[in-house]
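Number of protein chains: 4
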Amino acid sequence: MQKLSSVDRYDYTVCLADTDAARVVYFANMLRICHEAYEYNLARAGIDLGEFLGKSKMAIPIVSCRARFLLPVYYGDRLSIFVKPESIGETEFQLDYEIKSTMVEGKVLAIASTNHVCIDVKSRSRCNLPDSIRRWLEGK
Amino acid sequence: MQKLSSVDRYDYTVCLADTDAARVVYFANMLRICHEAYEYNLARAGIDLGEFLGKSKMAIPIVSCRARFLLPVYYGDRLSIFVKPESIGETEFQLDYEIKSTMVEGKVLAIASTNHVCIDVKSRSRCNLPDSIRRWLEGK
Amino acid sequence: MQKLSSVDRYDYTVCLADTDAARVVYFANMLRICHEAYEYNLARAGIDLGEFLGKSKMAIPIVSCRARFLLPVYYGDRLSIFVKPESIGETEFQLDYEIKSTMVEGKVLAIASTNHVCIDVKSRSRCNLPDSIRRWLEGK
Amino acid sequence: MQKLSSVDRYDYTVCLADTDAARVVYFANMLRICHEAYEYNLARAGIDLGEFLGKSKMAIPIVSCRARFLLPVYYGDRLSIFVKPESIGETEFQLDYEIKSTMVEGKVLAIASTNHVCIDVKSRSRCNLPDSIRRWLEGK
Numbered sequence: 001m002q003k004l005s006s007v008d009r010y011d012y013t014v015c016l017a018d019t020d021a022a023r024v025v026y027f028a029n030m031l032r033i034c035h036e037a038y039e040y041n042l043a044r045a046g047i048d049l050g051e052f053l054g055k056s057k058m059a060i061p062i063v064s065c066r067a068r069f070l071l072p073v074y075y076g077d078r079l080s081i082f083v084k085p086e087s088i089g090e091t092e093f094q095l096d097y098e099i100k101s102t103m104v105e106g107k108v109l110a111i112a113s114t115n116h117v118c119i120d121v122k123s124r125s126r127c128n129l130p131d132s133i134r135r136w137l138e139g140k
Numbered sequence: 001m002q003k004l005s006s007v008d009r010y011d012y013t014v015c016l017a018d019t020d021a022a023r024v025v026y027f028a029n030m031l032r033i034c035h036e037a038y039e040y041n042l043a044r045a046g047i048d049l050g051e052f053l054g055k056s057k058m059a060i061p062i063v064s065c066r067a068r069f070l071l072p073v074y075y076g077d078r079l080s081i082f083v084k085p086e087s088i089g090e091t092e093f094q095l096d097y098e099i100k101s102t103m104v105e106g107k108v109l110a111i112a113s114t115n116h117v118c119i120d121v122k123s124r125s126r127c128n129l130p131d132s133i134r135r136w137l138e139g140k
Numbered sequence: 001m002q003k004l005s006s007v008d009r010y011d012y013t014v015c016l017a018d019t020d021a022a023r024v025v026y027f028a029n030m031l032r033i034c035h036e037a038y039e040y041n042l043a044r045a046g047i048d049l050g051e052f053l054g055k056s057k058m059a060i061p062i063v064s065c066r067a068r069f070l071l072p073v074y075y076g077d078r079l080s081i082f083v084k085p086e087s088i089g090e091t092e093f094q095l096d097y098e099i100k101s102t103m104v105e106g107k108v109l110a111i112a113s114t115n116h117v118c119i120d121v122k123s124r125s126r127c128n129l130p131d132s133i134r135r136w137l138e139g140k
Numbered sequence: 001m002q003k004l005s006s007v008d009r010y011d012y013t014v015c016l017a018d019t020d021a022a023r024v025v026y027f028a029n030m031l032r033i034c035h036e037a038y039e040y041n042l043a044r045a046g047i048d049l050g051e052f053l054g055k056s057k058m059a060i061p062i063v064s065c066r067a068r069f070l071l072p073v074y075y076g077d078r079l080s081i082f083v084k085p086e087s088i089g090e091t092e093f094q095l096d097y098e099i100k101s102t103m104v105e106g107k108v109l110a111i112a113s114t115n116h117v118c119i120d121v122k123s124r125s126r127c128n129l130p131d132s133i134r135r136w137l138e139g140k
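Residue numbers (our numbering), protein chains in the order written: chain A, 1 to 140; chain B, 1 to 140; chain C, 1 to 140; chain D, 1 to 140.
By construction, these hints were calculated from the structure, which means they are not laboratory data.
Hints should not be assumed to be uniformly reliable.
No copy is singled out in the list; a pair is fine if it fits within one copy or between any two copies.
Cross-link-like lysine-lysine pairs, in silico, DSSO-like; alpha carbons within 27 Å at most [to be verified]:
1) K122 x K55
2) K122 x K57
3) K107 x K84
4) K55 x K100
5) K84 x K122
6) K55 x K107
7) K122 x K100
8) K100 x K84
9) K107 x K57
10) K122 x K107
Okay, chain A solo, but in the shape it has when bound (with noise of 0.2 Å):
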């Protein structure tokens, strides 16, 4: 369970659609925006993860999740997602995020991670991780 050092940043701001009658975030739009950032750093590493949606025979379904909110997020707030992947055998790797604000520097606004397992589609039971995504989490 080795800590890799490939740290990227996804810039974010904060649309009406993301907020809730509280004015703030809602709590689950905070992960779905921990999984954007996931996303952009797949395809700035040249990873399609749309190869891997309904065509593959292997799939890499989210098995857990957890999050931390430690500051309310507003309508318009400008955020930086840092994603930090981390090896868990050959099968598996967790994604931790750290949300911070752009606007006020060092503020961390929440914090979250990702657990992800490599599976064949048709048998449900774990198999090895593609390569491009071993590569990937081995910082390249």
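Following the hints, put chains B, C and D in place on chain A, whose structure we already have.
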């Protein structure tokens, strides 16, 4: 373009996730709620929309939609959505939605409609609607 | 940190909007569905969450959440969400959710939990939970 | 009802959360993406939509919307959304959106429009648009 009589009612309570920082239902979520009413009506008629999601040779995508928002809709509001299907030839149908307040008799909060076209997934050309949908449009 | 007995069940049918191109419920939407179950339980107990949305001097934001996704959940699946509230001192409570299949007896699809802290809106410091919520946590 | 010339472009990459089990962007999400383009354009013009979210005496709700979906939009597709504002008297404006593929030159994937009316929050009657919005509509 014959107006059909089958009218089914879908009850819905506005959730926090439906609202935005303006304290009302986010406009696009109202269209999502209308689509839920359509799905509910299909399920009640014994039609499994899931069959047309990617495994089938045909799909029935929405080709257009429109909505008018007459009154603000708030968190916790109880809605009744009425769906009126209308056949448009062999390959298309339109759904008209009326979103009423369940709390204030007869108060129309919004109206909307969506148009759905049956297509062959490979060629993406129009094809005849499946019999199950056709029977539903004809009021069974 | 006393385990409370009140268990309420919220029934939910998976909508098209809940799913993604991997053909299963998008992970963050499962947390949204859990929150809907919480809202349903509050409403059943006669508590209007709307009162705490911006007009009140207090708010009850979610400070953390976590979920484990045990089995894929598909379009049209009928779910039963069970919510168990647990009091954590005077200012905080935790909700534990069990998402079961209504179609296959006893099949647990996911588990989740959310922690909620009562705060003074202006100072953003912790304050005691309102009596209505406290009574709900104590099983009325 | 004068056609204005200001055209701004908003770039967007389709996320997993935008798609549904039919493997394409869920129709209502396309309208949400259009609204994001509107928010981006306002922010670029130095207008803070956040000011009109509940604290102000006026609000600018969407009173109607419509969209035509011309081609399927998939996970990872890169879009350019063009927004053309059009003034409709002193109290209303319309936004016309053109959603183009960034990957295939000139390919229009969808078109949409939304109508926005300025209202007094208390009386909910129409009032004149704020100067900042008016200047934006006039192309500055």
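**Asked** Should K100 paired with K84 be assigned to within, between, both, or neither, using CA atoms and 27 Å as the limit?
**Response** Within one copy only: 14 Å inside, 32 Å across.
**Message:** Cα distance capped at 27 Å. Does K55 pair with K100 within a copy, between copies, both, or neither?
**Reply:** between (35 Å within a copy, 26 Å between copies)
**Request:** Could you place K122 and K55 in one of the four classes (within, between, both, neither) given a Cα distance threshold of 27 Å?
**Result:** both (12 Å within a copy, 15 Å between copies)
**K107 and K57: within-copy, between-copy, both or neither at 27 Å Cα** = between (42 Å within a copy, 25 Å between copies)
**Message:** Within, between, both or neither: how does the pair K55, K107 come out at a Cα-Cα threshold of 27 Å?
**Reply:** The answer is between: 25 Å across copies meets 27 Å, while 41 Å in one copy does not.
**Request:** First find the shortest C-alpha distance between K107 and K84 inside one copy, then the shortest across copies, and answer within, between, both or neither for a cut-off of 27 Å.
**Result:** This pair counts as within: shortest intra-copy Cα distance 18 Å, inter-copy 34 Å.
**Message:** If the cut is 27 Å between Cα atoms, do K122 and K107 qualify within a copy, between copies, both or neither?
**Reply:** Answer is between: at 20 Å across copies they meet the 27 Å cutoff, but 44 Å inside does not.
**Prompt:** When no copy is specified for K122 and K57, does a C-alpha distance of 27 Å or less occur within a copy, between copies, both, or neither?
**Reply:** Classified as both: same-chain Cα gap 7 Å, cross-chain 21 Å, threshold 27 Å.
**Request:** Have a look at K122 and K100 and pick one of within, between, both or neither, based on CA distance no larger than 27 Å.
**Result:** Between copies, since 22 Å is at most 27 Å while 39 Å is not.
**Asked** For the identical chains here, do K84 and K122 meet the 27 Å Cα criterion within one copy, between copies, both, or neither?
**Response** neither (30 Å within a copy, 34 Å between copies)
Hint compliance for this structure: hint 5 alone is broken.
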